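Novice: Each chain, written out:
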Amino acid sequence: MRRRASLILLALAVFCAALSPLLRWYAFPRLAKIPANEYQTMVLEAKNATLLDYGSMTARTVPKVTIVQTLKGDVEASEKIERTAGRDVVVWDGLSYVQGPDGKMVSKVPERYIFDAHTQEPVHATGEMVDGDQVRREGIEFKWPFLTEKRDYEYFDAQTRTTAPIHYQGTRDFRGLEVYYFEQTVPWTKVAMPRTMPVAGITPETVARTGTTRWYTTVRKFWVEPVTGAPVYGEEVHREELRGGTLLGGRAKVTAFAGHVKMREDYIEHTVSVVKSNRTLVLLLTAYLPWGLLLLGALLMCLSLHLEARARRPDGPAAAEPAPQPVTA
Amino acid sequence: MRALIAAATGLAVALALVLTLTAIGAPAGKTSPKPLLTTVPAHP
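Protein sequence lines correspond, in order, to chains A and B. The opening residue of the first sequence carries number 3 in our numbering; numbering runs sequentially from there. The opening residue of the second sequence carries number 54 in our numbering; numbering runs sequentially from there.
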């Protein structure tokens, strides 16, 4: 009976010990992925921002500019791309909608971002775009990979349509979460006019004919929870200028937008709560279960060996080796 | 010999479980019917 129990415990011990690394190194990289049907919104605000009044073509200070960002996973498009890419793909249709203090649209920039669901590496397929312009992304955008490392990453900037490093600048505490702080500075760069302009009748083509160009610089800051790779907070010190041309009436440049863009408080709380919950799920596969199973396996192995040893041990004096019989001639 | 068989059984079951889990994966679901927002939402 003890022998049988010992063998069952041995099988369970091997099961647990084998499952531990299999979960961490085989199952986790295959199971942890961004769902294809993700839908999320984000509201950012720039208080006391500078905004261009297109009527008078002068910059004025406004109490608030709001940016509404939506990311929506297109499941059908991702399944179509997966058939040729041979890996799990996520297709995000995004919209950055900027609204002035009067509720009117300042700009809206749509984009399509296609990436590997597990690694967040960009996947190049038809439809990848920013504001209607076909792009070929390198690096990450919006989200870092699971198990983010303390190093610089390549980050895609949708305004300039280019990729540049975003620098790891230390570990911080953000509302009880350990986060990695990343920062990227995009220097003044000439960028395209948005396809949708805030004033009816004005198009990028009509602005281009005046010789006026749009320039942009930003300092992008992200606080990233490293287990999930999800930013829990973000800020941008963003400036845009119109330069040269006849549109400015002889002035060299005019500020189109300048502001310190921050996430709205209720969205910060919501994001932190979601990330904390997802963090637990990732830790379950990367730490809690592997370490727990390994310890359980060791415990079961000890128990199995103990039972085996007891099964082999003689039961008591009755079973003791019989005393040698006296030798008689 | 019986110990070897027990250990191999444990290993095989662990492998089968992990392979099944990863093969099943998570369902992709459906594209959300919600629109890309052009208004400021009151809350998340």
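To be clear, the hints were calculated from the coordinates, so they are not data collected in a lab. Some hints could be false.
Some chain A residues judged to face chain B by a derived CB distance under 10 Å, without partners named [said to hold, decoys possible]:
1) 9
2) 17
3) 22
4) 24
5) 40
6) 77
7) 95
8) 174
9) 176
10) 179
11) 250
12) 254
Since the model is a prediction, treat every value here as computed from it, not as a measurement. We put the CB at the ideal spot given by N, CA and C, even for glycine.
Novice: Can residue 250 (chain A) be said to touch chain B, with a Cβ gap under 10 Å?
Specialist: violated, 29 Å
Novice: Hold the hint about residue 22 (chain A) up to the distance rule: shortest CB distance to chain B must be less than 10 Å.
Specialist: OK, holds: residue 22 (chain A) within 10 Å of chain B, min 9 Å.
Novice: Does residue 77 (chain A) hold up as a contact with chain B if the rule is Cβ-Cβ below 10 Å?
Specialist: holds, 5 Å
Novice: Does the nearest C-beta of chain B fall within a distance shorter than 10 Å of the C-beta of residue 174 (chain A)?
Specialist: Nearest chain B Cβ about 23 Å off; hint violated.
Novice: Does the CB of residue 40 (chain A) sit less than 10 Å away from some CB of chain B?
Specialist: Holds, about 8 Å.
Novice: Under 10 Å, Cβ to Cβ, is where residue 254 (chain A) needs to be relative to chain B, so tell me if that hint holds or is violated.
Specialist: violated, 34 Å
Novice: Identify whether the interface hint at residue 95 (chain A) stands, where standing means a beta carbon of chain B within less than 10 Å of its own.
Specialist: holds, 7 Å
Novice: May I ask you to test the interface hint for residue 17 (chain A) with respect to chain B, counting a Cβ-Cβ separation under 10 Å as satisfied?
Specialist: holds, 4 Å
Novice: Regarding the hint that residue 9 (chain A) lies at the interface with chain B, is the smallest CB-CB distance below 10 Å?
Specialist: Result: holds, 4 Å to nearest chain B Cβ.
Novice: Given residue 24 (chain A) as an interface hint, is its Cβ closer than 10 Å to any Cβ of chain B?
Specialist: holds, 4 Å
Novice: Identify whether the interface hint at residue 176 (chain A) stands, where standing means a beta carbon of chain B within less than 10 Å of its own.
Specialist: violated, 17 Å
Novice: Would the hint on residue 179 (chain A) stand, with a C-beta cut-off of 10 Å toward chain B?
Specialist: Hint violated; residue 179 (chain A) Cβ to chain B Cβ min 17 Å, cut 10 Å.
Going down the numbered hints, you'll see the structure goes against 8, 9, 10, 11 and 12, while the others check out.
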